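Kindly generate the complete structure, drawing on both the sequences and the hints.
Keeping their order, the protein sequence lines are chains A and B. In terms of our numbering, the first sequence opens at residue 1 and continues consecutively. In terms of our numbering, the second sequence opens at residue 1 and continues consecutively.
Derived by calculation from the structure, the hints in this document are not laboratory data. Since the model is a prediction, treat every value here as computed from it, not as a measurement. Don't be surprised by glycine CBs; every beta carbon is placed ideally from N, CA and C. Certain hints may be false.
Just some of the chain B residues that point at chain A, by a computed CB distance under 10 Å [unchecked claim]:
| hint | residue |
| --- | --- |
| 1 | Ser97 |
| 2 | Gly109 |
| 3 | Val113 |
| 4 | Val167 |
Here are a few chain B residues that sit away from chain A, every Cβ distance over 12 Å (derived from the structure) [to be verified]:
| hint | residue |
| --- | --- |
| 5 | Pro46 |
| 6 | Lys64 |
| 7 | Val68 |
| 8 | Gly80 |
| 9 | Trp81 |
| 10 | Ala87 |
| 11 | Ala98 |
| 12 | Glu121 |
| 13 | Pro131 |
| 14 | Tyr133 |
| 15 | Pro155 |
| 16 | Ala169 |
| 17 | Val188 |
| 18 | Asp194 |
Protein chains: 2
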Amino acid sequence: MIRQKISAAPSVRRLPSYLHVIRQVEKEGSEYISGTVIAGELNLEPIQVRKDMAITGIIGKPKKGYPVKALITAIEHFLGWDEVQDAVLVGVGNLGSALMGYTELRSHGLRMVAAFDINPEKAGSPVHGVPVYPVDSMDSAIRDLGVKLALLTVPNTEAQKSADILVGAGITAIWNFTKVKLKVPDEVIVEKEDISSGYAILRVMQRVKKNDIKNELP
Amino acid sequence: MIRQKISAAPSVRRLPSYLHVIRQVEKEGSEYISGTVIAGELNLEPIQVRKDMAITGIIGKPKKGYPVKALITAIEHFLGWDEVQDAVLVGVGNLGSALMGYTELRSHGLRMVAAFDINPEKAGSPVHGVPVYPVDSMDSAIRDLGVKLALLTVPNTEAQKSADILVGAGITAIWNFTKVKLKVPDEVIVEKEDISSGYAILRVMQRVKKNDIKNELP
Chain A
1 MIRQKISAAP SVRRLPSYLH VIRQVEKEGS EYISGTVIAG ELNLEPIQVR
51 KDMAITGIIG KPKKGYPVKA LITAIEHFLG WDEVQDAVLV GVGNLGSALM
101 GYTELRSHGL RMVAAFDINP EKAGSPVHGV PVYPVDSMDS AIRDLGVKLA
151 LLTVPNTEAQ KSADILVGAG ITAIWNFTKV KLKVPDEVIV EKEDISSGYA
201 ILRVMQRVKK NDIKNELP
Chain B
1 MIRQKISAAP SVRRLPSYLH VIRQVEKEGS EYISGTVIAG ELNLEPIQVR
51 KDMAITGIIG KPKKGYPVKA LITAIEHFLG WDEVQDAVLV GVGNLGSALM
101 GYTELRSHGL RMVAAFDINP EKAGSPVHGV PVYPVDSMDS AIRDLGVKLA
151 LLTVPNTEAQ KSADILVGAG ITAIWNFTKV KLKVPDEVIV EKEDISSGYA
201 ILRVMQRVKK NDIKNELP
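Rendered as structure tokens:
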């Protein structure tokens, strides 16, 4: 089942961009949107958009395209963004604080209920309205809250240790913002977010444009 | 040229993870690392790793693998991470502030030299040592600094307007953290970073595991 999903991952990853385009069309008052229009907005092939949309179960009408409201509902439902999910965050540094205040995640149903930090001085003062607790209380707090999702924004050196505590406390899904490939039991899902990858692409594109890199790329 | 690069983008995106694994092996004192070991650490196929490495121009030795130090140098050089590049940031909100303090980007040669915000109260107080200026001075400041790269972390509604000013001031590469597909001249590179995509994947994986989604995925 999971293997199936992995093959669909690039399609799932594109759905949030589609949703953004479709919501704009909705604001403009259109009832239908064609795959070709979405493709044009995002520099993709129309066939790609149609294949990606198919995973949400919604099918466009010939000539008219997709019904806008039904398409938004279908994508949000497929992504689970129409349900609230509680989450905790470990590591209230710069990135952690930013994610705690990131309204977009809230609009996708992610509700941050607690955060933990190794620095006892950070505990006690809520960040963006989210209470911060010392990391010692993490195990019991997560059990009490019954939370299943954790965002991991600790330094790399603390990543595996934190993940072990999270898994022990009942966390089954970790959104990993560290560089570390976590070792977790098979039943735990880890999604690794790597902001450096974006900079890698950008940097290489700049150098390709300047002809610093010529025919080296396949 | 650019079209070539786009086909190599997934390989480029994986290079930072390879670098992390190889640096750990270097710390342990190994002189060589095999593609199979890297693949094992990152749950990839060995053939995939070998193909990705080929774009950096370095080739492994049969039985021994890749020379660790040379491989690190080759990847960093390919990514341009061995050179310092100045950058500005527009939009000193939560995410913007986090990126200004993100030491990992600094270690990849990205040097933030100035930031801009629409709120005049933010101007004047440096954030993580980076001076913040009012957005009115953006055009002239970027020209004076001669900076070519900008990180865009403004609200969606301000994104296109900010991009227009950036391009007018001589910016040729935009790392776009907004949801907006920017309209820019062909010679300007835009890399869009979408944190919601990671949450989309995670959410769908959770639901696949719980069997909420069965055979719907292709």
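Each hint tested on the structure:
1. Satisfaction of the interface hint for Ser97 (chain B) is found here, the shortest Cβ-Cβ separation to chain A being roughly 7 Å, below the 10 Å cut-off.
2. This hint holds: Gly109 (chain B) has a C-beta 8 Å from the nearest C-beta of chain A, less than the 10 Å allowed.
3. For Val113 (chain B), the interface hint is violated, since its Cβ never comes within 10 Å of a Cβ in chain A; the closest pair sits about 16 Å apart.
4. Annotation: Val167 (chain B) was flagged as interfacial toward chain A, and the flag is violated, the nearest CB pair being 15 Å apart, outside 10 Å.
5. No beta-carbon of chain A comes within 12 Å of the beta-carbon of Pro46 (chain B); the shortest separation is about 16 Å.
6. Distance to chain A confirms Lys64 (chain B) as a non-interface residue, since its nearest Cβ pair spans about 23 Å, more than 12 Å.
7. Under the 12 Å C-beta cut-off, the non-interface status given to Val68 (chain B) relative to chain A holds; the minimum distance is some 17 Å.
8. Listed as a non-interface residue, Gly80 (chain B) fails to keep its Cβ farther than 12 Å from every Cβ of chain A; the least gap is roughly 4 Å.
9. Distance check on Trp81 (chain B): its Cβ comes as close as 7 Å (rounded) to a Cβ of chain A, failing to clear the 12 Å threshold; non-interface status is violated.
10. Against the 12 Å criterion, Ala87 (chain B) falls within the reach of chain A, whose nearest CB is about 10 Å from its own CB.
11. Its closest Cβ contact with chain A, about 4 Å, brings Ala98 (chain B) to no more than 12 Å, contrary to its assignment away from the interface.
12. At roughly 18 Å from the closest C-beta of chain A, the C-beta of Glu121 (chain B) stays outside 12 Å, upholding its exclusion from the interface.
13. Once the 12 Å rule is applied to beta carbons, Pro131 (chain B) is consistent with being away from chain A; the minimum gap is 18 Å.
14. At roughly 21 Å, the least C-beta separation between Tyr133 (chain B) and chain A is larger than 12 Å, which holds for a residue marked as non-interface.
15. With a closest Cβ-Cβ approach of about 10 Å to chain A, Pro155 (chain B) is found to fall inside the 12 Å limit, against its non-interface label.
16. With a least CB separation of 17 Å from chain A, Ala169 (chain B) remains clear of the 12 Å interface cut-off, as annotated.
17. The claim that Val188 (chain B) lies off the interface is violated: its Cβ sits roughly 10 Å from the closest Cβ of chain A, which falls inside the 12 Å cut-off.
18. Asp194 (chain B), annotated as away from the interface, has a beta carbon of chain A within 12 Å; the closest lies near 6 Å.
Hints 3, 4, 8, 9, 10, 11, 15, 17 and 18 from the earlier list are contradicted by this structure; the remaining hints agree with it.
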